[in-house]
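A.B. asks: Can you make the complete structure from the sequences, with help from the hints?
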Amino acid sequence: MDVRDQLRTALSEALHAVGVTTDGEIGLERPARREHGDWSSNVALVTAKAARRNPRDLGTALVEYLAQHPPRHVDRVELAGPGFVNFHLAETWLHEVLVDVATAGEAEWARHDFGRGTTVNVEFVSANPTGPLHAGHGRWAAFGDSLARLLERCGHAVQREFYVNDRGVQTELFGASLAARRAGEEPPADGYHGEYVAEWAAEMPDGADPVAWGIERALADQREVLEAMHVHFDTFASERALVEAGAMEATLAELTARGHVYEADGAVWLRTTAFGDDKDRVLVKSDGEPTYFLPDIAYHRDKFARGADHLIDILGADHHGYVARMRAALQAL
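Remember, our numbering sits 1 above the position in the sequence shown when you count from 1.
Hints were generated in silico from the structure; no laboratory data involved.
There may be inaccurate statements among the hints.
As the list claims (entries may be wrong) - Here are the in silico distance ranges between beta carbons for each label pair:
no.	residue 1	residue 2	range
1	236	184	27 to 37 angstroms
2	129	258	28 to 38 angstroms
3	331	104	15 to 25 angstroms
Unchecked claim - In silico EDC-like cross-links for lysine to aspartate or glutamate, where the CA-CA straight-line distance does not exceed 20 angstroms:
no.	residue 1	residue 2
4	280	319
5	286	266
6	304	250
7	280	303
8	304	314
Quick reminder that beta carbons are idealized off the backbone N, C-alpha and C, glycines included.
C.D. replies: And the structure:
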């Protein structure tokens with residue numbers, strides 16, 4: 002029996018012993034402060050009025066009964082505040098869990114099947130292919146892979162995906178920086194100046210395309226670090242390949258057909274305010290160039306087309322403003 006169920010049963014018996022009945026579920030929650038125990042119940046406060054008892058007096062009676070009839074795995078029970086009953090657990094409950102794990106085996110313990118038949122695409126890390134991973138990427142790798150493992154444990158089919166931003170201004174600047182270092186020159190002012198650029202440029206073969214070679218070199222370095230962390234991806238999805246396959250045009254056509262696109266000030270806009278965003282977003286600028294938003298929508302559309310039932314994006318803190326607009330775009334699709 003789960004330790005929480007044991008505590009609820011003990012509280013129910015204590016209430017009966019002191020002459021109080023309750024039909025509702027007995028609440029348990031983690032105390033805000035560790036010194037207040039492992040689990041806390043407000044049952045004395047919730048039931049006191051109907052029982053015509055003072056909440057703290059009722060809580061005291063419950064604690065006294067539980068002290069005389071200690072629940073399994075409980076080290077001590079204390080009364081706090083206006084009537085909270087706080088439980089401090091003994092280490093024996095952990096020992097019992099470890100026995101369960103050893104008995105069931107690592108592969109089967111705590112395995113559930115409620116996610117069976119559901120495919121979840123978890124995209125995480127997705128670092129730009131312009132340099133080594135940094136500490137933040139390591140954090141996202143650990144978080145994303147842990148989430149994927151938990152989903153798998155619950156029966157979901159999980160696709161771990163790394164989105165490769167291998168087109169656009171930053172990759173061009175990275176290539177120009179490699180070429181400059183290779184020629185013994187300084188990189189562009191808005192290029193890449195880290196020591197790794199000079200090191201990688203020295204490895205670049207004569208005649209290699211600096212952009213294409215640089216992307217592959219960066220990805221190889223990133224893969225090596227991720228493998229060392231035991232983080233493995235099913236798919237490295239290329240933005241360039243997606244765009245070259247016509248995904249942006251197909252996505253724009255679908256959004257237009259659904260009536261969510263309009264033109265204003267020479268640009269093409271997506272009416273994201275219809276789906277909870279704080280303002281509409283530009284898809285194609287007045288000069289005819291798409292914004293970064295359009296290929297991102299196309300990429301999420303592609304993930305659904307590849308069989309995902311649910312999409313999870315692990316975003317860095319600097320991308321939190323991106324959430325509302327992407328949710329709106331996916332609702333528009």
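A.B. asks: Decide, hint by hint, whether the structure agrees.
C.D. replies: Hints, verified against the model:
1. 236 x 184: 27 to 37 angstroms: Between residue 236 and residue 184, where Cβ atoms are some 36 angstroms apart, the hint holds.
2. 129 x 258: 28 to 38 angstroms: holds, 33 angstroms
3. 331 x 104: 15 to 25 angstroms: violated, 43 angstroms
4. 280 x 319: holds, 19 angstroms
5. 286 x 266: holds, 9 angstroms
6. 304 x 250: holds, 16 angstroms
7. 280 x 303: Violated, because 25 angstroms separates the two Cα atoms, which is more than 20 angstroms.
8. 304 x 314: Status holds; Cα separation ~11 angstroms.
Taken one by one, the earlier hints fail for this structure at numbers 3, 7, listed in ascending order.
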